[in-house]
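Go by the hints and put chain E with the ligands onto chain G.
Residue-level listing of the chains:
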Amino acid sequence: MSVPSCYKKETKPAKFCPGCGHSIVLKMLGQAIDELGIQKDAVFSIDIGCSLLAWDFYDVDTVQTHHGRTTPVAVGIKRGNPKSVVIAYTGDGGAYAIGLQSLLHSALRQENVTVITVNNTLYAMTGGQAAPTTMPHEVTDSTPNGDFTLESPLMGPELVSQIGNGDLYIARGSVSNPMTLKKYIKKAITHQMEGKGFSFVEALSICPTNWKTDAKGSFEFLKTMEEVYKLGEINRDGTS
Amino acid sequence: MNKVLAIGNEVVVEAAIDAGASMFCGYPITPSTEILAGWAKRADVDKDLVFLQTEDEIAAGFATIGGILAGKKAWTASAGPGNILMQDSLAMAEAMRIPIVTYIAQRGGPSTGTVIFSQQELFLTAHGGNGEGMRIVYSPGNLQELYDYTFKAFDAAWRYRFPTFILSDGYLGKTFGEVIYHKGKTIDAKPMLQDKERIEKGEYVNIRNCYSLEDELAEVLNKDIEDFHKMSPKIVEYEELYCGDAELIVFAHGSVAEAVKAAVSMAREQKMKVGLFRPITLRPLPKEAMIKAVRKAKKIMVIEAAHGQFAKLVRDALFGATQAEYYSYFKPAEGIVPEEALEKIQEVL
Ligand SMILES: Cc1ncc(C[n+]2csc(CCOP(=O)(O)OP(=O)(O)O)c2C)c(N)n1
Ligand code: SF4
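Same order as they appear, the protein sequences are chains G and E. Quick note on full-length UniProt numbering: the first sequence kicks off at 1 and runs consecutively. Quick note on full-length UniProt numbering: the second sequence kicks off at 1 and runs consecutively.
Excised from the complex, chain E in its bound form:
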């Protein structure tokens, strides 16, 4: 355990190294560039760390996959338009059960947009491929969680072999504060190609993601979906605040949830019966816990820095499980401060 003062982007690099990451391929894009540059500086000192700045994000994603196939705990980081380009490789990783970790610093969009506040890359990150979105998405809210969930992302990815994401933003990446580095146990990476033990037995692998028969693909896909559902209860995480007796339950995630947390505490001081439900895994979503949380609520409200992406997930999870009135406060690609969240809570209650 080691308590330090650090900035978000440094914390992410530290967590990756603590989790055993040994290779990074990327392409600079604000606000995730510091991760690439931070890794380069570490790799310059520690020759066991592989670093590759590629020609674009498409190549970054595919070279990362190459590293993972070769047995490295390889990862990448990107944002906005780079996240779009990376979907090509991420879809391949999803199809081949390649445990890639990707840090996404969401940008305001569409297009080039802005670089500080945004929760608009939720759909892209969770479902950006031509598939079913068999992906794990963590949404950390503060510096400590940035460390904890980056660390966890590597564990989850290599344990369950689904592409795993840390969905963050420029604000969190630039946040400066106290963090505890508490390196835990990590799972080892094994090569999918050139596993010498296997080859010495005369066994070779031929890995593919292209099928000529529909039923061949269906078999693979159904197994992946089944594995994903089996994994889900073990992996879902959430935070609840004052949900027990709340008349109004606010749903929020990531750094927006931090602001809502402060607002809910202020509202409670004013004796307002409000609670916060904050999924930490956005995929898979802690659906059962969400349903349980709203059982007694008369109203629910979704607050996010996007125009209803998270709200769609929430409504889908709660469909048929509640009669509560529904409210929303959407500020696509803008920051949300505790005072305005409190105002919205007061309006609704």
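Bound-form chain G, shown alone:
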């Protein structure tokens, strides 16, 4: 996998923990930016969460926002400058808890932006508390012994797929298959560039630090996630 040319070289290696899935998602996004030739037109808008560590990740105009607020900032940027290609990058807490209202309404209004959400089943930046994506009986910092978890976690892309006029691009990929994830990201951004409206990609990701897993354990955990969260492009009826 070649190093994307839109990387800001002086900030590499990046600030993520070793083995972090964010690095893989960002690499795929970097390659997508290169391959679509949008380095000069792209605006990268990031949430608070471990995504903030990417504030100087690319040689791409970037703005770091507040927790849960990257979607409305992205919307404002796109409304203010429709020629820019606006990519919002958020964690699952930022997208599905504190920022859910803005995610859904941006889809409802068919805002012409792309949102990429990293699902690692928890709030990584604050030390691994439960998120709306925490799986049943998963142990996190705020679900000791796997208590206090939801019976069924939030299915973000499926939820968003129910919104609006149906002409949305929605997909769920995984860092276990980076090339497919990149394909989804490119399709999402292309959807925006063609003026077709809201696009949304969830990326299943790895957080060895808060999962307390080694390399093997991380991929086993990711496998369990992939059983709970179906991979693929998601249609309005929720099917992949």
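These are computed hints drawn from the structure, not numbers from a lab. Hints are supplied without guarantee of correctness; some may be wrong.
[What the hints assert, rightly or not] Below are the SDA-like pairs computed for lysine to any residue, each with C-alpha atoms no more than 25 Å apart in a straight line:
no.	chain 1	residue 1	chain 2	residue 2
1	E	Lys201	G	Glu35
2	G	Lys12	E	Glu214
3	E	Lys174	E	Lys312
4	G	Lys196	E	Asp44
5	E	Lys234	E	Lys174
6	G	Lys83	E	Arg198
[What the hints assert, rightly or not] A partial selection of chain E residues facing chain G, derived with a Cβ cut-off under 10 Å:
no.	residue
7	Ile199
8	Gly202
9	Glu203
[Stated by the list, open to error] These stretches of chain E come out as covered by chain G in the derived footprint (C-beta under 8 Å, 3 or more residues):
no.	stretch
10	51-59
11	69-83
12	205-214
If you're wondering where the values come from, they're calculated on a predicted model, not measured in any experiment. Ideal Cβ positions, reconstructed from N, Cα and C, are used throughout, including at glycine.
Chain E with the ligands only, in chain G's frame:
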């Protein structure tokens, strides 16, 4: 120059457009809704104006910021509970030196409260964030000033890059009367993101407000504080009435000061030695002028439609500078008419 008959909320929209505003994001709340609806009607006709009604005030504030980053002169308007929700975005604007303009029609509170008279959002507006309140707050008193200071707010915000507010109320927004629209010169907005000239040189910006080191943040913050202090003498504005020989100086702001102005004029006809000092910028406050004004005064009185928010600012500014006796008349979230202000002046003198 153009003399018209207009209602306060229309005047605000007109002033914003004259000042070059090109984008508005908001969420309806009385008594600022007419600003949102008024802008929508203008944007419906003029396709260069961007309008977005968001899902809430949090999104309104952040989408406004997005527009500003993209190079628009974007602004918003809110009130009471909406002002509370907007503090999230306003704190970010303050941290990133984003020149956002916000019109606040104060509501009586706490909570849902009332919608006509109030001066209770002074602290929230000036200091509502987790920061130092590096903000500019104008308090207009009448229709003409509503136009003048809304216009000025855009100029100040884009010139000095601090969040700038027009602190008003429902009463002023509903006031009908004569106004002169005298479109002046305005400063251009430049994009902070996607500045093509810069990008063509191969330069990209990475803007943040999150720091891992305390000294990194301190450096940014100290610079902002220094800039704010440097700007202050250039921006402070006030109005003085009969302060020269006054034994009693009344401090008031906004539409309450209009009532006090009338009361002071009546008192002067009765040969009472009373003056009015009215800061127009509540932040920064015209501290030196305030100290000068009270030099000969034996008494000072603060009149406001809040329980001492403005009075705290006044006392802080005058601390150690006067021996004058201190009086106050507080009517949180109620209107104050000239006759009752005159009565209070008579009681004190
Ligand atoms: C308004 C607000 N509330 C809470 C926080 C604290 N906080 C920072 S990151 C975070 C959660 C991050 O989780 P997620 O969005 O899933 O991203 P991740 O770190 O897992 O990538 C929280 C709650 C904050 N910064 N701002
Ligand atoms: S805490 Fe988890 S999500 Fe955050 S950088 Fe480390 S591994 Fe990645």
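Given hint Glu203/E near chain G, where the shortest CB pair must fall under 10 Å: holds (9 Å)
Residues of the stretch 205-214 of chain E with Cβ under 8 Å from chain G, three needed, outcome: holds (count 6)
25 Å limit on alpha-carbon distance, applied to hinted pair Lys12/G and Glu214/E: Roughly 23 Å between the alpha carbons, so the hint for Lys12/G and Glu214/E holds.
Per-stretch coverage check for the stretch 69-83 of chain E, three Cβ contacts closer than 8 Å to chain G: holds (count 5)
25 Å Cα cutoff - pair Lys196/G, Asp44/E: The given pair, whose Cα atoms are some 22 Å apart, holds under the 25 Å limit.
Hinted pair Lys83/G and Arg198/E, Cα distance within 25 Å: Distance ~16 Å between Lys83/G and Arg198/E Cα, so the pair holds.
Interface hint for Ile199/E, Cβ within 10 Å of any Cβ on chain G: holds (5 Å)
Proposed proximity, Glu35/G with Lys201/E (alpha carbon, max 25 Å): holds (21 Å)
Interface restraint verdict for Gly202/E against chain G (beta-carbon cut-off 10 Å): Holds, about 8 Å.
Verdict on chain G covering the stretch 51-59 of chain E, where coverage means 3 or more residues with a C-beta closer than 8 Å: Since 6 is at least three, the answer is holds.
Lys174/E paired with Lys312/E [C-alpha distance capped at 25 Å]: violated (29 Å)
Agreement of Lys234/E and Lys174/E with the hint, judged by alpha carbon distance not exceeding 25 Å: violated (31 Å)
The earlier numbered hints that this structure contradicts are 3 and 5.
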